[in-house]
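Student: Those protein sequence lines, which keep their order, are chains A and B.
Those letters in the first sequence? Residues 1 to 113, per the numbering used here, in order.
Those letters in the second sequence? Residues 114 to 226, per the numbering used here, in order.
One or more of the hints may lead you astray.
[Unchecked claim] Here are the computed lysine-lysine pairs in the DSS-like style, where the Cα-Cα straight-line distance is at most 27 Å:
1. K149/B <-> K184/B
2. K42/A <-> K184/B
3. K132/B <-> K108/A
4. K157/B <-> K132/B
5. K149/B <-> K180/B
6. K135/B <-> K68/A
7. K153/B <-> K184/B
8. K180/B <-> K42/A
9. K1/A <-> K154/B
10. K112/A <-> K153/B
11. K122/B <-> K108/A
12. K1/A <-> K108/A
13. K153/B <-> K42/A
14. K122/B <-> K105/A
[Claimed, not checked] Residues of chain B placed beyond 12 Å of chain A at every Cβ, according to the derived structure:
15. Q119
16. K135
17. L226
These aren't lab readings, by the way, just hints derived from the structure by calculation.
Ideal Cβ positions, reconstructed from N, Cα and C, are used throughout, including at glycine.
As a plain string of letters, each chain reads:
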Amino acid sequence: KQEVTQIPAALSVPEGENLVLNCSFTDSAIYNLQWFRQDPGKGLTSLLLIQSSQREQTSGRLNASLDKSSGRSTLYIAASQPGDSATYLCAVPYGGSQGNLIFGKGTKLSVKP
Amino acid sequence: DTAVSQTPKYLVTQMGNDKSIKCEQNLGHDTMYWYKQDSKKFLKIMFSYNNKELIINETVPNRFSPKSPDKAHLNLHINSLELGDSAVYFCASSQGGANQPQHFGDGTRLSIL
């Protein structure tokens, strides 16, 4: 059974710092891994999707890496800003080709001005 | 233009009632999903559906049923509502299932009195 874990559960940093969020999964037979952002009272916004054949994906100040063999992914945020404050979730599709996502419990990030 | 839209945004009702939540996507995607986010903010898949297959998470009570009038809609019907059904319900869609990113609606907050 696939399980997804995110560490830390919460993180508070001063503005301008670079930071890393961690995600681990127990079953390495994944199609891909997706990182999302959730703002309070809002839905999820897809940030990055890394296919199983890729090692990393970049979008602006965000860089996500994937190490399938060790069951780990990291989301690196460069030069953090207060607007980055949100909960970050990672998810992997499981249970067949339809892609039902299994989510971690998220890391709540607070970037202080 | 909202890509994945859910109505209503808020739903307050009494135990025992039957209610529906509507979801529409204008992305032309072929697969739609329903997720439940509980009070601890943990997201779990409930259903996924394309025009060929409905996959039901085995933990979902049969009081919950998805109904798809066409490819762009996947509505969620809930019978005999219980206190434990209080949660935020998210609809999502993707093209091609597991290999593509999922796009989420803003959620429907269901409160059972």
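Student: Look at each hint and say if it fits the structure.
Tutor: Each hint tested on the structure:
For a cut-off of 27 Å, the pair hint linking K149/B to K184/B stands: about 21 Å separates their Cα positions. A threshold of 27 Å between alpha carbons decides the hint, and for K42/A with K184/B the separation of about 24 Å falls inside it, so the pair holds. Between K132/B and K108/A, the direct Cα distance comes to roughly 32 Å. Violation of the 27 Å bound is thereby established for this hinted pair. Between K157/B and K132/B the alpha-carbon distance is near 20 Å, which keeps this suggested pair within the 27 Å criterion.
For the hint pairing K149/B with K180/B, the CA-to-CA distance comes to about 16 Å; that is within 27 Å, so the pair holds. The suggested pairing of K135/B with K68/A is violated, with an alpha-carbon distance near 37 Å, which exceeds 27 Å. Restraint check: the Cα-Cα separation between K153/B and K184/B comes to about 32 Å, which exceeds 27 Å; the hinted pair is violated. Among the hinted pairs, K180/B with K42/A is consistent with the structure: their alpha-carbon atoms are about 24 Å apart, no more than 27 Å.
Pair hint K1/A plus K154/B holds up; C-alpha atoms about 21 Å apart against a cutoff of 27 Å. Taking the CA atoms of K112/A and K153/B, the gap is near 24 Å; set against the 27 Å cutoff, the hint holds. Pair hint K122/B plus K108/A holds up; C-alpha atoms about 23 Å apart against a cutoff of 27 Å. The straight-line distance between the Cα atoms of K1/A and K108/A is roughly 25 Å, inside the 27 Å bound, and the hint therefore holds.
Annotation: proposed proximity of K153/B to K42/A holds, straight-line Cα distance about 15 Å (limit 27 Å). With a CA separation close to 23 Å, the supplied pair K122/B and K105/A stays within the 27 Å bound. Listed as outside the interface, Q119/B is inconsistent with that label: its C-beta sits roughly 8 Å from the nearest C-beta of chain A, within the 12 Å cut-off. Annotated as non-interface, K135/B keeps its C-beta farther than 12 Å from every C-beta of chain A; the closest such distance is 15 Å.
No beta-carbon of chain A comes within 12 Å of the beta-carbon of L226/B; the shortest separation is about 20 Å.
Of the numbered hints stated above, those contradicted by the structure are hints 3, 6, 7, 15, listed in ascending order.
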